[in-house]
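Undergrad: As a plain string of letters, each chain reads:
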Amino acid sequence: MTQATDQTLDQILTLAATHFKVPREKLTPDDDFFKTLRIDSLQALDLLTRLENHFHVELPDYELQGVSDFRTLASRIQARL
Amino acid sequence: MLNLDQYSCLGAALRDALDRWPNQECLIESDRDKERTRLTYSDFKEMALPLARALEDADFKPNDRAAIIMTNQSKWLISAYAIFYAGGVLVPLDYKLSAAEHLQLLAHSRAKFLIVEYHLWKAITESPEFRAHKVQAVLVTEAPPSANLAGAFRWEDFRRKGDPAFVPRQREDVACIVYSSGTGGQPKGCVLTHENYLEQCKALTAWYPFWPGVRYLSILPTNHAIDFMVGFIGPFVCGACVVHLRTLRPEFVRNAFVRYRITYVSLVPIVLKNLERGLKANFDALSAPKRLFLNGLIGINKALTRWRPNVALSRGLLPQVHEAFGGGLKAIIVGGAFMEPSTLQFFYDLGIPVANGYGLTEACTALTVNDLKPFRADTVGKPLPGVELRVLNPDAEGIGEIAVNSKMVMSHYLDDPELTAQTIVDGWLLTGDLGKFDGNGHLQLFGRKKNMIVTEGGKNIYPEDIETAFEELPVKEYCVFAANYVWPAKKLGRETLVLVIRLEYGQEFNYGLREAMLTCNRRLPDYKRVGAYLVWSKDFPRTASMKIKRTALASEIGKSLDRAAVVAL
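The listed protein sequences correspond, in order, to chains A and B. Take the first sequence: its letters are residues 1 to 81, numbered as in our numbering. Take the second sequence: its letters are residues 1 to 569, numbered as in our numbering.
These are calculated hints, taken from the structure and not from any lab test. Bear in mind the structure is a predicted one, so any value in this text is a computation, not a measurement. Beta carbons are placed, not taken as given, at the ideal position from N, Cα and C, and that holds for glycine. Mixed in with the good hints there might be a few duds.
Estimated spans, in silico, between C-beta atoms of each pair [unchecked claim]:
no.	chain 1	residue 1	chain 2	residue 2	range
1	B	129	A	76	47 to 53 Å
2	B	36	A	4	31 to 37 Å
3	B	508	A	50	18 to 24 Å
Under the rule of at most 30 Å between Cα atoms (straight-line distance), these lysine-lysine pairs were calculated in the BS3-like manner [claimed, not checked]:
no.	chain 1	residue 1	chain 2	residue 2
4	A	35	B	273
5	B	34	B	273
6	A	35	B	45
7	B	549	A	21
8	B	373	B	330
9	B	547	B	449
10	A	26	B	273
11	A	21	B	290
12	B	549	B	450
13	A	21	B	273
14	B	45	B	161
15	B	547	B	559
16	B	549	B	538
17	B	476	A	35
18	B	407	B	302
19	B	96	B	290
20	A	35	B	96
21	B	450	A	35
22	A	35	B	330
23	B	476	B	302
24	B	161	B	134
25	B	449	B	273
26	B	280	B	373
27	B	290	A	35
Generate the whole structure from the sequences, applying the supplied hints.
TA: In structure tokens, the structure reads:
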């Protein structure tokens with residue numbers, strides 16, 4: 001993993017923790033975010049919108065398809081930065 | 001609307017619809033805040049016929065099968081019409097499945113053609129199983145100019161001049177093969193005829209009619225039986241308009257209601273609940289006096305619409321709520337899974353009728369729908385015209401398995417005569433769902449006889465289909481059950497999958513094993529994951545061919561342990 005992806009990952013974890021009111025230290029890169037954040041697929045789409053605004057990228061809904069951990073999500077975002 | 005009794009196939013009905021309302025809008029496609037496409041019925045025809053001609057020239061013959069794997073968009077419907085025009089059989093596949101699952105279903109359905117969106121095709125070509133695929137021709141939509149299409153054609157270029165020959169089909173001919181479950185085990189391909197669809201459409205539109213000017217917001221995947229019927233066939237044979245969104249982010253869905261003044265929408269329970277949460281949060285944010293005033297208006301609306309909905313009155317009483325839904329919404333259609341009565345009642349009290357129904361892919365789409373005369377939140381409504389339902393072997397409370405006799409019942413499961421014979425007995429489709437009728441002829445559902453769950457997103461999950469995900473688990477044996485199958489609940493909801501494990505002799509359950517379970521579980525899409533596990537202390541009963549006797553094991557577990565014995569994963 002590159003340093004850039006590490007930074008992206010860290011920002012995603014911080015943003016998810018803030019938005020879903022979960023202590024940042026409880027989130028790790030390989031967490032299943034549906035379980036850790038206790039969210040459903042629609043709330044995951046909401047998270048995607050927030051990530052788009054933060055990183056200034058446009059992510060089609062299908063980028064989230066089959067993705068459930070923060071690390072993969074970070075790599076998808078990194079690919080569009 | 002068209003008189004569907006006069007038609008023998010979907011292609012002919014759709015063809016006449018395109019000619020009857022040439023200047024009416026039939027499709028609008030929006031991507032976030034930008035509108036991408038707006039087509040009249042005449043535009044639709046102009047786009048579809050060159051595709052039908054190109055299919056014909058590419059040796060696509062009557063009865064050949066063509067699969068579609070696409071998100072909801074105009075090219076889905078245009079392609080489907082071209083397939084029907086050429087006399088083909090449509091195989092609509094769930095775009096949310098994995099590439100390996102797509103390839104498995106393509107092989108099972110023996111589709112000769114595939115029409116697929118570029119990002120989905122890319123995933124399919126990267127799958128290890130890709131080399132073995134036998135699809136003869138692939139049409140890819142929206143591929144970037146520089147994309148390597150691995151031998152596929154560009155959908156946008158796949159068109160030929162000249163009038164294609166319309167191929168009529170008989171009512172008993174196959175129209176679609178629809179997969180009612182995921183894969184992993186035995187795919188269940190429901191073979192549905194033109195008659196199934198024409199009868200279903202006639203029955204549904206008798207209670208919930210469309211007309212020119214109606215705008216239907218298509219959110220459920222079009223491969224899903226509900227959207228295929230009420231987001232394509234139904235609106236088209238009535239001259240109505242379908243609105244597609246390229247993103248289902250809640251904020252854009254909300255905007256679409258207002259922007260396009262939506263008349264009807266179909267939702268699965270998870271989306272309806274999300275809307276309820278959003279509205280309640282807005283109500284909670286009101287000051288105490290405003291909240292009190294709103295509650296008063298809701299109370300008045302509730303009293304005045306007790307016996308039948310009066311949307312115009314409700315709009316006058318609660319304008320802000322209705323404006324948030326565009327001001328033109330007549331009803332929300334909900335189905336595909338169990339919906340809590342409290343959510344249905346919440347919307348009805350606001351003057352937004354929710355047509356709750358019940359159906360299954362094997363019976364085309366819907367069997368019962370609430371006719372709103374009066375609204376009932378505690379039932380799934382009455383049987384549609386042309387649907388005969390029976391409760392088999394009712395217990396003392398009148399609850400038994402629901403069986404269906406109707407022209408809407410599928411022909412058979414593809415390549416599975418054994419399962420077909422178990423499911424359709426003497427012309428009656430055994431649904432596996434438990435229910436009873438109340439004194440007013442409304443159907444109430446109480447659970448399932450089958451080992452399966454239906455997610456809030458409307459997906460059928462068969463435990464056998466996901467067991468392979470746990471193959472690496474270092475235990476003696478394991479099995480997955482629907483919790484309600486082991487512990488019959490006599491009510492719907494609380495549906496979860498339970499992984500039952502039997503440890504090796506001397507093995508102890510430890511942290512590492514739990515981690516291994518979590519790792520295996522993560523490989524499954526979120527909606528297919530098991531929610532709990534149970535350590536079972538006896539060997540599993542097995543048949544002579546060493547297959548697990550699932551019913552016997554479930555019964556043994558159910559009798560020995562309480563549902564509370566399962567541990568959340």
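Undergrad: Does the structure keep residue 96 of chain B and residue 290 of chain B at a Cα separation of 30 Å or less?
TA: This hinted pair is violated, its Cα atoms lying about 43 Å apart.
Undergrad: Determine whether the Cβ-Cβ distance between residue 508 of chain B and residue 50 of chain A falls within the hinted range of 18 to 24 Å.
TA: 43 Å, violated
Undergrad: Are the Cα positions of residue 450 of chain B and residue 35 of chain A separated by 30 Å at most?
TA: OK: residue 450 of chain B and residue 35 of chain A at ~27 Å, within 30 Å.
Undergrad: Taken at face value, is the distance from the CA of residue 450 of chain B to the CA of residue 549 of chain B at most 30 Å?
TA: 14 Å, holds
Undergrad: What's the verdict on residue 280 of chain B and residue 373 of chain B, does the C-alpha distance respect the 30 Å limit or exceed it?
TA: 27 Å, holds
Undergrad: Regarding the pair residue 35 of chain A and residue 330 of chain B, is the alpha-carbon distance no greater than 30 Å?
TA: 36 Å, violated
Undergrad: Need the status of pair residue 161 of chain B, residue 134 of chain B: alpha-carbon distance at most 30 Å?
TA: Holds, at roughly 28 Å.
Undergrad: Is the straight-line distance between the alpha-carbon of residue 547 of chain B and that of residue 449 of chain B 30 Å or less?
TA: Given pair residue 547 of chain B, residue 449 of chain B holds - Cα atoms ~21 Å apart, limit 30 Å.
Undergrad: Given the hint that residue 407 of chain B pairs with residue 302 of chain B, test it: the Cα-Cα distance must not exceed 30 Å.
TA: 38 Å, violated
Undergrad: Hint check: residue 549 of chain B vs residue 21 of chain A, CA-CA at most 30 Å. Holds or violated?
TA: 45 Å, violated
Undergrad: Taking 30 Å as the top limit, are the C-alpha atoms of residue 45 of chain B and residue 161 of chain B close enough?
TA: 13 Å, holds
Undergrad: Against the range 31 to 37 Å, how does the distance between the Cβ atoms of residue 36 of chain B and residue 4 of chain A compare: consistent or not?
TA: 33 Å, holds
Checked against the numbered hints given earlier, this structure breaks hints 1, 3, 6, 7, 18, 19, 22, 23, 27; the rest are met.
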